[in-house]
Amino acid sequence: MLLALTTLAAAAGGVPGLEPRLLPPDQAFRFSARALDAKTIEARFDVADGYYLYRDKLRFSAAAGGPALGAVTLPPGKRKKDQFFGDVETYRGSVVVKVPVAEGSTGQAVLFTADSQGCADAGICYPPNSQQVRVALPPPGGGPGPVVEATPARKGLFN
Amino acid sequence: MNETDSERPLPPKASNGLGKVPRWLIVALVGLLALIAGAYAARTTLAPSAGKDATALFAVTLPDLDGREQKLEQWRGKVLVVNFWATWCAPCREEMPQFIRSQAELGAKGLQFVGIAVDQADKAKQFAKEINLNYPTLVGGMDSLKLSSALGNDLMALPFTVVVGRDGNIVHTQLGPLKQAQFDAIVGKLI
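Protein chains in written order, with numbering that gives the first Met the number 0: chain A, 0 to 158; chain B, 0 to 190.
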């Protein structure tokens, strides 16, 4: 029963008439984050099979009024030759990035945004996309918080 | 669709787990499934595309690569192929040389390609120059994705191509590359 529900929901999320069914960007590139400790946010993308993100289009930011974010070291991607852009790196599967947060922001809820851009192997690309999560930072010495998944304002079934 | 699954006897292991599920919940879930299936079916039939007249498209005015405003209306009466593209979209860039060839080959017979770049003007202009683009391209920015959405591009992804006949009716909309054989089959009938 649950399986049937899941299957149907997945089917409804795609676009009819296209083979293979294409996912909306927020489902193709699932974004989540959690506080690792008082000064680190762990950002994560789960990229669906058949889709990829561009490494050089990935950006993280905190909403105005929130803590400053430190420099991020992105993991290496898969190198690919692009006839127009030269060497580009892409991510498939899961991508985990540790984002340093300025100290003194503990106990705050950070409105954390990831900007990304990706494509499907089926031959389409999505425009640059912003996804947001609200991450609560633990007090100093505190451990990891819960994983927060982006709940996109994607087009629903009933509108 | 899958509603009948719930009628089948459940395997012993599963029935141990589901034995406590109240009957009303199962009924509610089946109802929900039907609702989702209904909405899905409605969505499929509502997808706009072929057969629709292109009035909304002809009404669009956007700047070209030199910043001059161009109205799509000026190409009414041609076999018009409007291609939404961007430099950040590799599959878009890959199919454009094919469009250039078709424009050169069939332009005299009334075929008119028009690009709409979902991009910054300078980037679009640089790329157009690089590939010797032989048809006009307008610059729409992200807003033009909404226009493409109204034409059936639900995902607002690229490339997206709309073929309009001489009579002003949309003959075909395509999300993803328009393969040469497909293009020949669609445009061949209109030229």
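Quick caveat, the hints were computed from the structure, so don't treat them as lab data.
Yeah, the Cβ is synthetic: ideal placement off N, Cα and C, and Gly gets one too.
Each hint should be verified, as a subset may be incorrect.
Unchecked claim - Facing chain A, from chain B, some residues (calculated, C-beta under 7 Å):
(1) C88
(2) P90
(3) R92
(4) G106
(5) A107
(6) L154
(7) L157
(8) G175
Evaluation of the provided hints:
With a cut of 7 Å, the hint placing C88 (chain B) at the interface with chain A holds, because the nearest CB-to-CB distance is about 4 Å. Contact between P90 (chain B) and chain A, as hinted, is supported at the beta carbon level, the nearest pair being about 4 Å apart and thus within 7 Å. Interface hint status for R92 (chain B): upheld, as the beta-carbon distance to the closest one in chain A is roughly 6 Å, under 7 Å. A least Cβ separation of about 25 Å between G106 (chain B) and chain A goes past the 7 Å threshold, and the interface hint is therefore violated.
Taking 7 Å as the C-beta contact cut-off toward chain A, the hint placing A107 (chain B) at the interface is violated, the least distance being around 30 Å. With its C-beta approaching chain A no nearer than about 6 Å, L154 (chain B) sits inside the 7 Å limit, and its interface hint holds. The beta carbon of L157 (chain B) comes within 5 Å of a beta carbon in chain A, closer than 7 Å, and the hint placing it at the interface holds. Because the closest C-beta pair between G175 (chain B) and chain A is about 5 Å apart, less than 7 Å, the hint holds.
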